[in-house]
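Construct the complete structure from the given sequences, taking the supplied hints into account.
2 protein chains.
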Amino acid sequence: MKLEQAIQSTRFKNETHKASLNILYTAWWLKTTMSKSLKEYGLTHEQYNVLRILKGKYPDQMCVRDIACRMIEKNSNVPRIIDRLEIKKLVVRTTSQLDKRETVITITAGGLVLLQATTVSMETLFDQTLELSENDAKTLNLLLEKVREKES
Amino acid sequence: MKLEQAIQSTRFKNETHKASLNILYTAWWLKTTMSKSLKEYGLTHEQYNVLRILKGKYPDQMCVRDIACRMIEKNSNVPRIIDRLEIKKLVVRTTSQLDKRETVITITAGGLVLLQATTVSMETLFDQTLELSENDAKTLNLLLEKVREKES
DNA sequence: ATTAAATACATGTATATACACGCAAAATAA
DNA sequence: TTATTTTGCGTGTATATACATGTATTTAAT
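Protein sequences appear in the order of chains W and H.
Residues in the first sequence are numbered consecutively from 1, following my numbering.
Residues in the second sequence are numbered consecutively from 1, following my numbering.
Quick caveat, the hints were computed from the structure, so don't treat them as lab data.
Some hints here could point you the wrong way.
Said to hold, decoys possible - Away from chain H, derived, C-beta distances all over 12 Å, residues of chain W: (1) H45; (2) Q47; (3) L114; (4) Q116; (5) K146.
Said to hold, decoys possible - EDC-like mimics (lysine to aspartate or glutamate), calculated; alpha carbons at most 16 Å apart, straight line: (6) W:K146 x H:E134; (7) H:K2 x W:E145; (8) W:K146 x H:E4; (9) W:K150 x H:E149; (10) H:K150 x W:D127; (11) H:K138 x W:D136; (12) W:K74 x W:E46; (13) H:K31 x W:E73; (14) H:K31 x H:E73; (15) W:K31 x W:E123; (16) W:K2 x H:E131; (17) W:K31 x H:E73.
In this text, all values refer to a predicted model and were calculated from it rather than measured experimentally.
Ideal Cβ positions, reconstructed from N, Cα and C, are used throughout, including at glycine.
This is how it looks when you write it as structure tokens:
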């Protein structure tokens, strides 16, 4: 679907303005599409992101700050996402003995199993849903980084 | 900043996978950047979106459903966003006489003035922050629509 | 005409986002 | 060593997101 149909608007100041709305809309669409699959595993988008980050360092533990700075959405309230993962026994919280201010998080065996299944489902989704050639994707990545060039 | 630095990850399955994360991160960045400016006017991202939609039809009124289907994020809870705009006297709610189920919304004179100032600020932000040529933006728009080709 | 179904909106719940504040521990300065 | 600042995390508040449910009104079916 074209952006014009999606948000029922045809008046854009210029192509850059349209691109901004297009990025926001595409991200919403992508998040929604992913969330539908994640729901089958009882995970939210943010919970999945935290589990993936933990797996990236596994079997090492990570503190909350390290997880937070790797999140896609930087203002995520990581302690509260961990609360929910802990209730589901997907991660374990411990106080660091080296620095007692730090809470260190470990993904559990159950967390790893669930994550593995979920990741397969996500990769299938990307392969089957995103109609991008490797070259198109490369161009897209370059352009998105241009958008953020003046990143603060 | 490159995506790799932003989310401190270098392991992407392929360029398409990286592009997905890049879209999500860029949208977050864009929303955050806009929100900083919007805050000066006491508006959130979603409130600004609703006001712009209302102005697009002004002086006509719009019902909640019409506003909702024009939102960038489709699952927005429009009645509650309108609650907050109404408190700030930026919009007025009335029950439609033609169909008493419908609530019709009108942007107020105050709403129009605030929106005008905010829109100028947003356009300045786009012009000064987004480093995209008209051609780059066009390519980006094409690629994003390719991403959503299999939109449900 | 009466009943059933659909529609438009409001409201409730759980989670997330954005941001502020507070506490305890650690690092630094005096 | 003591005092000050910084850091890491938890928690609180307002708003938003995602979804389910409730209520009134309209439309359609019988």
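Hint by hint, here is what the structure shows:
1. H45: About 9 Å separates H45 of chain W from the closest Cβ of chain H, which leaves it inside 12 Å; violated.
2. Q47: Holds, because the least Cβ-Cβ distance between Q47 of chain W and chain H comes to about 15 Å, which exceeds 12 Å.
3. L114: 19 Å, holds
4. Q116: 14 Å, holds
5. K146: 6 Å, violated
6. W:K146 x H:E134: 13 Å, holds
7. H:K2 x W:E145: Between K2 of chain H and E145 of chain W the Cα gap is close to 6 Å, so the pair holds against 16 Å.
8. W:K146 x H:E4: Between K146 of chain W and E4 of chain H the Cα gap is close to 14 Å, so the pair holds against 16 Å.
9. W:K150 x H:E149: 30 Å, violated
10. H:K150 x W:D127: Holds. K150 of chain H to D127 of chain W sits at ~11 Å (cutoff 16 Å).
11. H:K138 x W:D136: 14 Å, holds
12. W:K74 x W:E46: Given pair K74 of chain W, E46 of chain W holds - Cα atoms ~11 Å apart, limit 16 Å.
13. H:K31 x W:E73: 10 Å, holds
14. H:K31 x H:E73: 12 Å, holds
15. W:K31 x W:E123: 14 Å, holds
16. W:K2 x H:E131: Roughly 23 Å separates the two Cα atoms, so the pair is violated.
17. W:K31 x H:E73: 10 Å, holds
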